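Asks: Let the sequences and hints guide you as you build the complete structure.
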Amino acid sequence: MKPRLIVTRRWPAAVEAILAERFDTTLNASDEPLSPAAMASAFADFDAILATVSDRLPVAAFPEGAARTRIIANFGVGFSHIDVAAARDRDIVVTNTPGVLTDCTADLALSLMLAVARRTGEGERQLRAGEWRGWSPTHMAGAKVSGKTLGIVGMGRIGKATARRAHFGFGMKIVFFNRSPVDDDETRAMGAVQMPTLDDVLAASDFVSLHCPGGAENRHLIDARSLRSMKRCAFLINTARGDVVDQDALTGALERREIAGAGLDVFADEPAVPEALKRLENVVLLPHLGSATEETRVAMGMKVVENLTAFFEGRPVPDRVA
Numbered sequence: 001m002k003p004r005l006i007v008t009r010r011w012p013a014a015v016e017a018i019l020a021e022r023f024d025t026t027l028n029a030s031d032e033p034l035s036p037a038a039m040a041s042a043f044a045d046f047d048a049i050l051a052t053v054s055d056r057l058p059v060a061a062f063p064e065g066a067a068r069t070r071i072i073a074n075f076g077v078g079f080s081h082i083d084v085a086a087a088r089d090r091d092i093v094v095t096n097t098p099g100v101l102t103d104c105t106a107d108l109a110l111s112l113m114l115a116v117a118r119r120t121g122e123g124e125r126q127l128r129a130g131e132w133r134g135w136s137p138t139h140m141a142g143a144k145v146s147g148k149t150l151g152i153v154g155m156g157r158i159g160k161a162t163a164r165r166a167h168f169g170f171g172m173k174i175v176f177f178n179r180s181p182v183d184d185d186e187t188r189a190m191g192a193v194q195m196p197t198l199d200d201v202l203a204a205s206d207f208v209s210l211h212c213p214g215g216a217e218n219r220h221l222i223d224a225r226s227l228r229s230m231k232r233c234a235f236l237i238n239t240a241r242g243d244v245v246d247q248d249a250l251t252g253a254l255e256r257r258e259i260a261g262a263g264l265d266v267f268a269d270e271p272a273v274p275e276a277l278k279r280l281e282n283v284v285l286l287p288h289l290g291s292a293t294e295e296t297r298v299a300m301g302m303k304v305v306e307n308l309t310a311f312f313e314g315r316p317v318p319d320r321v322a
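Taking UniProt numbering, I'd label the letters of the sequence shown as residues 1 to 322.
Don't read these hints as lab results, they were simulated from the structure.
Take these hints with a grain of salt, some might be off.
Taking lysine-lysine pairs in the BS3-like style, the calculated list, with each CA pair at most 25 Å apart, reads [to be verified]:
no., residue 1, residue 2
1, LYS173, LYS231
2, LYS231, LYS144
3, LYS278, LYS231
4, LYS148, LYS231
5, LYS173, LYS148
6, LYS144, LYS173
From a predicted model like this one, the values you see are computed outputs, not experimental measurements.
Replies: Below, the structure is given as structure tokens:
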């Protein structure tokens, strides 16, 4: 019999078709996140759960006893929403989808940098509201991006891709913080400088772009003290995970203009976004669009298919994280 699996949200049609062909697949026609009760039933009824970032899987979500589920195949590179230790304790494999979303997430990081620095969101809102009174020398002057210093926090695949675009496309100087040493042809070609501490990067940068994992290790890595280390003219960009930033501290810093602005694609309690953030003009807010291109979302789904196929055929799983 084909392995039974449940897809917790709607996926690209091409991927759903392949899953339905290869496996005994249950799709989520409503595209609503599974309730805790539905997730508990999934562990009992399905061999595989195809999860997304909208599925919170802390230790309490896992069954106490034996589960039918043998693999959680995550649609996304980040997996901080899954308690991998709980999965490991129950002999449940966890996989992710690295690599295929690197370029699109890096593209979006640059989009946020440009949007917040050049005030494009403000400008469009003003124009659509009929409030634009024509060109003037002082109208909506923003900050220059080209030639500035970009600080990367987390110099992995996406961090490097963002730095490469910034350096070779906009002539930006690259500094970065990473917990382990990074010294390779790619960083040397950019002249990227690894700094010893996060504070060193924050103090040196005109833009700070976050590309580190979420979860307990990095929760509130950017807090009130960190924000005070940044230049008053600097911008914070987050396409990583919402819990990396203390949202209350960031909101306060933006309100008091302790930093110039922020561009956020992720939030601590998605899809909830604090009203205080929404009221601010010096922040650009996007609904978690980092990987949101048709090509990338299909490629992510196909990564999941590869992981599932390898697992159920008894072969090594390419993207196993637990």
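Asks: Confirm or reject each hint.
Replies: Hint-by-hint comparison with the structure:
| no. | hint | verdict |
| --- | --- | --- |
| 1 | LYS173 / LYS231 | holds (16 Å) |
| 2 | LYS231 / LYS144 | holds (15 Å) |
| 3 | LYS278 / LYS231 | holds (23 Å) |
| 4 | LYS148 / LYS231 | holds (13 Å) |
| 5 | LYS173 / LYS148 | holds (6 Å) |
| 6 | LYS144 / LYS173 | holds (14 Å) |
Consistency with the previously given hints is maintained throughout, with no hint failing.
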